[in-house]
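Residue strings, one per chain:
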Amino acid sequence: KAGVTQTPRYLIKTRGQQVTLSCSPISGHRSVSWYQQTPGQGLQFLFEYFSETQRNKGNFPGRFSGRQFSNSRSEMNVSTLELGDSALYLCASSRGGIESGNTIYFGEGSWLTVV
Amino acid sequence: TQLLEQSPQFLSIQEGENLTVYCNSSSVFSSLQWYRQEPGEGPVLLVTVVTGGEVKKLKRLTFQFGDARKDSSLHITAAQPGDTGLYLCAGASYNFNKFYFGSGTKLNVKP
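Chains as they are written, first to last, in my numbering: chain A, 1 to 115; chain B, 1 to 111.
Excised from the complex, chain B in its bound form (with noise of 0.2 Å):
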């Protein structure tokens, strides 16, 4: 069981489409981060999010933190074929001490 959970898993959308990818969890984090991932590269840092409630916005990208800091949201608009990539959510767990990521989501925007 993972403890942050991802979803969709997987995304296929047409360029020009909007997505929303989610990350949900029961417990509560110090902050969250999201990341993008290309094959044989590791992570790189899109956003840090830490107030309960903070949104922040990065050119097409909108990211959001729950009031309660258990859940997060990326939201794209009008995807483009660069946007494909894993995403990924990360944090720092309050009650375990460690950092975790959530399982990942695939996102395809075809041309």
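Chain A with its partners taken away, still in its complex shape (with noise of 0.2 Å):
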């Protein structure tokens, strides 16, 4: 069956410009969680929706944000993009919720470059 397909794969903003990063599941999944990748910090978890409700965040601020379609499709949005905010975004699907030790799987992320 098909993968998490994520798109764009790659893209360049302007500081102060928003984004909008976009994943679809593997089918029957009804979680999708966000993840933000950068050399100096690994991988830190953005946050995790199923079935349409957002159920967990991490510690990033208000500018990160994101929702869930009834098709379980998830969208993730940066807005005022900051250089800092330049980073791999990979989102990941499960059949369950995240919290439950239901295996995850990724997508091959979006590169976003902030200049």
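Quick caveat, the hints were computed from the structure, so don't treat them as lab data.
Heads up, a few of these hints could be off.
Sample of chain A residues facing chain B (criterion: CB under 8 Å; computed from the structure) [what the hints assert, rightly or not]: (1) Pro8; (2) His29; (3) Leu43; (4) Ser86; (5) Leu90; (6) Ile98; (7) Gly107; (8) Glu108.
We treat Cβ as the ideally placed atom computed from N, Cα and C, and that holds for glycine.
Hints given; two lone chains; assemble the complex.
Shown next as structure tokens:
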């Protein structure tokens, strides 16, 4: 079956702009979680959505937001971009919630460069 | 401070050598997962360990979950250049209801 699909793969934005990233989970998976990966901080959890509700949230400012649609597809939005937001943004899906120990599967990520 | 501490951070070895990567925490995890990530790509799941004391083998890779479910190890036998990559452990903590990643171990296997 198809894996987790993220779009776009690469994008360049200017400081102060906003960006929306998209994630299509594996069919049948109801949980979508988002992560930021940078060389300095490693992989950090942003938030998780399950059945259109945000269930868990990491320690990121309110500029980072997301939503999930009824078909489980999810979007992540970052407003007022800063240079430090340049990172690989990864989406992962799982059948159940991440706190239940369900296996999560990652997409290939969206590379965001803020200039 | 990372909830999951991985060691070593970097490992450069010759083809054919054995190695072990450790993932430790003071918290109890419902399960731990190991991933391998190549540059510019998303992490790819290698294994999930769920039961304390569990040992899983995947060809030359052996994964162990500690009895207390606070730590895990990944052992690679006769490493090959194709094993090169970033190895990450990750898990859902009972206490904090969030998903955490270790800092990662960068492995380079030289031919």
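For each hint, the structure was consulted:
1. With its C-beta approaching chain B no nearer than about 14 Å, Pro8(A) sits outside the 8 Å limit, and its interface hint is violated.
2. Look at His29(A): its Cβ only gets to about 13 Å from chain B, farther than 8 Å, so that hint breaks.
3. Look at Leu43(A): its Cβ gets to within about 4 Å of chain B, closer than 8 Å, so that hint holds up.
4. A least Cβ separation of about 14 Å between Ser86(A) and chain B goes past the 8 Å threshold, and the interface hint is therefore violated.
5. Proximity of Leu90(A) to chain B holds as hinted, the smallest CB-CB distance being about 5 Å (cut-off 8 Å).
6. For the restraint placing Ile98(A) at the interface with chain B, the shortest Cβ-Cβ distance is roughly 4 Å, inside the 8 Å limit, so the hint holds.
7. The interface hint given for Gly107(A) is met, as the beta carbon of that residue sits about 5 Å from the closest beta carbon of chain B, less than 8 Å.
8. For the restraint placing Glu108(A) at the interface with chain B, the shortest Cβ-Cβ distance is roughly 5 Å, inside the 8 Å limit, so the hint holds.
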